[in-house]
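Peer 1: Going by the UniProt record's numbering, 148 is the number at position 148 of the sequence shown; the sequence numbering is gapless.
Bear in mind the hints are in silico, worked out from the structure with no lab data behind them.
Every residue gets a Cβ at the ideal spot worked out from N, C-alpha and C, and that includes glycine.
Check each hint, because a few of them may be wrong.
Restraint-style ranges between C-beta atoms, simulated for each label pair [to be verified]:
hint: 1; residue 1: Lys26; residue 2: Ile74; range: 35 to 41 Å
hint: 2; residue 1: Ile74; residue 2: Thr124; range: 45 to 51 Å
hint: 3; residue 1: Asp75; residue 2: Asp104; range: 24 to 30 Å
hint: 4; residue 1: Ala97; residue 2: Ser61; range: 52 to 58 Å
hint: 5; residue 1: Ser21; residue 2: Ile74; range: 31 to 37 Å
hint: 6; residue 1: Arg162; residue 2: Leu35; range: 47 to 53 Å
hint: 7; residue 1: Asp130; residue 2: Arg162; range: 25 to 31 Å
hint: 8; residue 1: Leu24; residue 2: Val155; range: 41 to 47 Å
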Amino acid sequence: MTSINTNISAIAALQTLRIISGALEKTQAEVSSGLRVATASDDAAYWSISITMKSDASSMSATQDAMAFGAAKIDTAYAGIEATIGVVDAFKAKIVAAMESGVDRTKIQGELEQLKQQAVSIATTASFSDQNWLNTDIADIYDQSNSGTLTTGFVRQGSSVRVTFNPVLRGRRCHSSIKSNGSVRGGNYPQLHPAICMQGCNFISSSRPCAVTYLTVYLASQRLSAST
């Protein structure tokens, strides 16, 4: 006759060891991952929330990088505009000087040409990552096909997520000039730059001093500097 002897104490001890081993493995997993809820089996509800938060954190990091990139482009364009405003001030000072009798207007005309070329140089070098908001060739500043965008934010609304953008309209071309007698003449000359519109005077072609001159800088559809 065959019989099986069951050791109740040994079975209980083995079960306890299995429980302890399972708890130890879970603790080790939490320590190694740094997460109390690392998988869906730990807590499905909290795991789902954590996955969403991780995704949002990654998206927000990418959005912050894009915003920093946009800010750098704005800073570059703004620095170019500030430098151009300095050229405008010098241009206006030359105009005032040319209105005095007995001055060498031929020399002043040459200085004005140099100032215009200086402003052109500022515009053409105002680039960041191969993008230049001042060096453009756009006929209509309000043409939406010639606009760009800047990343401005990250928004979560319930289960939906969206990244917000602001439009940027790039600079435009001049379409008129000021003749030496102060009247307006159509055409694209003398043109300082597509995005930096300087209406100049020619003191050599007329004995009458310039009556009107101005420079206007356009960026993002805003008139940033005006004139005498």
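Peer 1: Now look at each hint and say whether the structure bears it out.
Peer 2: Structure-based check of all given hints:
1. Lys26 x Ile74: 35 to 41 Å: Violated: the Cβ-Cβ distance is about 51 Å, outside 35 to 41 Å.
2. Ile74 x Thr124: 45 to 51 Å: 18 Å Cβ-Cβ, so the 45 to 51 Å window is violated.
3. Asp75 x Asp104: 24 to 30 Å: violated (40 Å)
4. Ala97 x Ser61: 52 to 58 Å: holds (55 Å)
5. Ser21 x Ile74: 31 to 37 Å: Once the Cβ atoms are compared, 59 Å apart, the range 31 to 37 Å for Ile74 and Ser21 is violated.
6. Arg162 x Leu35: 47 to 53 Å: Once the Cβ atoms are compared, 28 Å apart, the range 47 to 53 Å for Leu35 and Arg162 is violated.
7. Asp130 x Arg162: 25 to 31 Å: For Asp130 and Arg162 the Cβ distance comes to about 28 Å; the hint holds.
8. Leu24 x Val155: 41 to 47 Å: At roughly 44 Å between Cβ atoms, Val155 and Leu24 fall inside 41 to 47 Å, so the hint holds.
Of the numbered hints given earlier, the model fails hints 1, 2, 3, 5 and 6; all others are met.
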